[in-house]
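Student: Residue numbers (my numbering), protein chains in the order written: chain A, 1 to 350; chain B, 1001 to 1126.
It should be emphasised that the hints constitute simulated quantities derived from the structure, not laboratory data. Each hint should be verified, as a subset may be incorrect.
What the hints assert, rightly or not - Facing chain B, from chain A, some residues (calculated, C-beta under 8 Å):
1) M35
2) D38
3) H41
4) G64
For every residue, glycine included, the Cβ atom is placed at its ideal position computed from N, Cα and C.
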Amino acid sequence: MAYSPCHAGTLSERLYRLLLRTYPRAFREEYAAEMFLDFRHAYHEAAQRQGAWGVARLWRDVFGDFITTVCAQRVRSWLQHDERDYALAGKEQLAMALQFTLDVAQRTDLGRTRANNEDNLISVVPDDQQILQAKGALFVVSDGMGGHSRGDVASEMAVQQVQTAYYQDQQNDIPTSLREAIKVANLAICQANEVERASGASDANMGATCVAAVLHEQMLYAANAGDSRVYVLHAGQLRQVTRDHSLVAQMVERGEITPAEARTHEKRNILYRSLGQPDVEIDLFTEPVQEGDAIILCTDGLYGVLTDDDIRAIVERYDPAESVQQLITHANAAGGPDNISALVVRVTAA
Amino acid sequence: MANDDQREPEALLPLTPAVFHILLALADGEKHGYAIMQEVEARTGGATRLGPGTLYGSIQRMRKDGLIAEVPERGEPVHGEERRRYYRLSGFGQRVMQAEARRLEELVHIAQSKQVLPGFGTTGGA
Chain A
1 MAYSPCHAGT LSERLYRLLL RTYPRAFREE YAAEMFLDFR HAYHEAAQRQ GAWGVARLWR
61 DVFGDFITTV CAQRVRSWLQ HDERDYALAG KEQLAMALQF TLDVAQRTDL GRTRANNEDN
121 LISVVPDDQQ ILQAKGALFV VSDGMGGHSR GDVASEMAVQ QVQTAYYQDQ QNDIPTSLRE
181 AIKVANLAIC QANEVERASG ASDANMGATC VAAVLHEQML YAANAGDSRV YVLHAGQLRQ
241 VTRDHSLVAQ MVERGEITPA EARTHEKRNI LYRSLGQPDV EIDLFTEPVQ EGDAIILCTD
301 GLYGVLTDDD IRAIVERYDP AESVQQLITH ANAAGGPDNI SALVVRVTAA
Chain B
1001 MANDDQREPE ALLPLTPAVF HILLALADGE KHGYAIMQEV EARTGGATRL GPGTLYGSIQ
1061 RMRKDGLIAE VPERGEPVHG EERRRYYRLS GFGQRVMQAE ARRLEELVHI AQSKQVLPGF
1121 GTTGGA
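Excised from the complex, chain B in its bound form (with noise of 0.2 Å):
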């Protein structure tokens, strides 16, 4: 997009736990909705599971917002079976992801420093 570089970043944060997931799966390469789902379900231990509705209306947030892009077009399908749309990170949505995750070190910095993590100045509990 010509105008991504004009807009902060900043303006989007904090971002939800969907989003953020969304954008950390796309980091590493294009990938279709389902993709997604199940490289969040198994990056948090199947912690998190986006359901459809949450993928796909993130989804279409992310794309009017300009954080993701549809890939246009992608070779043939796959043995048959019907053509998936997949989806990729801009240039924009790139920096909105390091800024959010500025915005959490910073947060987990202020709890380090508040000593509310164990290995960070406090003994563990039990």
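So that you can see chain A by itself, here it is in the shape it has in the complex (with noise of 0.2 Å):
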């Protein structure tokens, strides 16, 4: 990067480096330095003058002001052919496209015994057969947390976030670009927490599991921090890609509980790792996947309830649409206690 490296800046100034990285690399290289120097200038007269609300609108028109451009940019970048990041060896490649079809579908519901419901889920199979090309189809989910009904917030920033983060990231190294965009995600979340406990809000602490997929070619890149699980299903075994970071499933990894009693166990909400707290790490998981094969992300309002035999039946019978209306049903059938979220893909010839 051409900027000077991070020296322990605030919240603020790591998220808006971050955002920093998207823009086409020509452009960062000339003017990152100065737009990360006028934006600590900026923050720092924001929260002098106006406080939490200074910053809040402060970030409202940066991150308005960072939408725009940075499309414009890349348009702007592609024009001029000038982005070697992104640039493509020849027409073949263009030909080659994503050499699958995919069949998608996703549904969310409350389940049967709460209130609100704090998931949200996101597919993007992007039509630009360049973007597709360079980035392959994305998939995520997330299951928000948090006091005052403030876990829907979290999740859905964090699957916008993780989209846009994701497609406007010019680099072609695919695993790290997918776990930077779940930390911006993160970032934003935290910032969001950071504002809100500024302005008085002393308990802001939402935060969401956030659990993305991105199939390129035929490798499956899944990342995750929290309980929400990327599955695949291969020759009628379903396998799960994604480790929990949860303490009933370090309890089943050291053989203190089998995987059905860790369904019921009472500590089975306590994450150690999820969006909103200011370090997570990103665990990332790689995947060959081949024709007939199924992908499926869900939030633990599923599996908490169905087993892995009882998804691996369902997919393997049903196409995705009928898949995750059947996974729902037999869910909240079970009694439905939490959100109920699942997505499937499955995988073609094309």
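Mind assembling these two chains? They're in different frames, but the hints should get you there.
Tutor: Okay, structure coming up:
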């Protein structure tokens, strides 16, 4: 990067540095250092003069400006062909596109005992072949947490920010890009908590799980923090790709309890990692995918009441649209104690 | 720039509001990016705030078009702060700014002749 390395800046400064990374390289090399210094000045001035309100206003302005200008910069750099990061080697790569046809369905449900649905999910299969070729298709599921019914805000921020940050980042390194997109989402949630706390809500503490999967060529990249999961169904076998960051998952790994016991354990909701923690670590997993496989993303509202075998039987039998419907119906029939979200992608030959 | 004088300022008109604001901010002397932002905000009573991406995106294009140039060297950094990059108007930028101001003036004349502004032949609204 052209700008100076981070000297333990504030959360806002760290988030801003991450945002700056999504501008095209040529622009970044020329202006990112100046933009960062300007941001630092503006931040201190806003905080001094108007406190939390000033900081919130600054961020609103910066985000608005960022979304419009980063898109403009990207279009400009494509037009000028000056962005080597993103350049494609030749026409044959364009023709390759994704190699698969994807059948995608997603569904989220309140469940039978909760007052609010704090889950959010998103599927992105870009129409633009160039973007699809460079970045692949993206699927994100997030389960919000936090008092005062702010969990839905956190999970909404998680899926939106991951999508925006992932597709605006022009690195071709998908795992890094995916991890950093989740970190951007995390900093946005932390930032929102910080702004709320500064304006008096001392208990502002919203958070969310986040699991994001990118399908690019024949590889699935899955990144997570928290206990929402990615599974791959291959040749009749359901495999959990991600590892949960929950207390009960650790206990299962240590052989202290069985997976069945984990589903009803009183501490099953305790996570040791999730978005909303400033320095959260993001795990990354890769899994080759073949024609005929299915990819499943879900929250604990699903696997908390259905066994892996239940999930496998349903996804194997039905197409994605019917699968997500059936998964939710079965989870509700089993009590529906939590919000339930399921996203199913079926991979077939192009 | 050597070829400045051969270019017609009118070819670049109309300017985007951001570009015109930046030219005006540099009209009375070279400034760095943050000072441009502050001047625009102050001069418009806070109505126009140039975001960082808008500001530097415009600066990038304006440099390419030869409207402004970076000031090569500028003294010592102020009390230990990082060195900032200063920009100044080029001769061509000066002429483009004037041409845009004239264009807007003509527009205002038209508006006046149509009596759309209070105090120019009509009685203003409540």
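Student: The structure should be examined with respect to each hint, and the outcome stated for every one.
Tutor: For each hint, the structure was consulted:
Taken as an interface hint, M35 of chain A checks out: its beta carbon lies about 5 Å from the nearest beta carbon of chain B, inside 8 Å. Look at D38 of chain A: its Cβ gets to within about 4 Å of chain B, closer than 8 Å, so that hint holds up. Taking 8 Å as the C-beta cut-off, the interface hint given for H41 of chain A holds, the closest approach to chain B being about 5 Å. Using the Cβ-Cβ criterion of 8 Å, the hint placing G64 of chain A at the interface with chain B is satisfied: the shortest such distance is roughly 7 Å.
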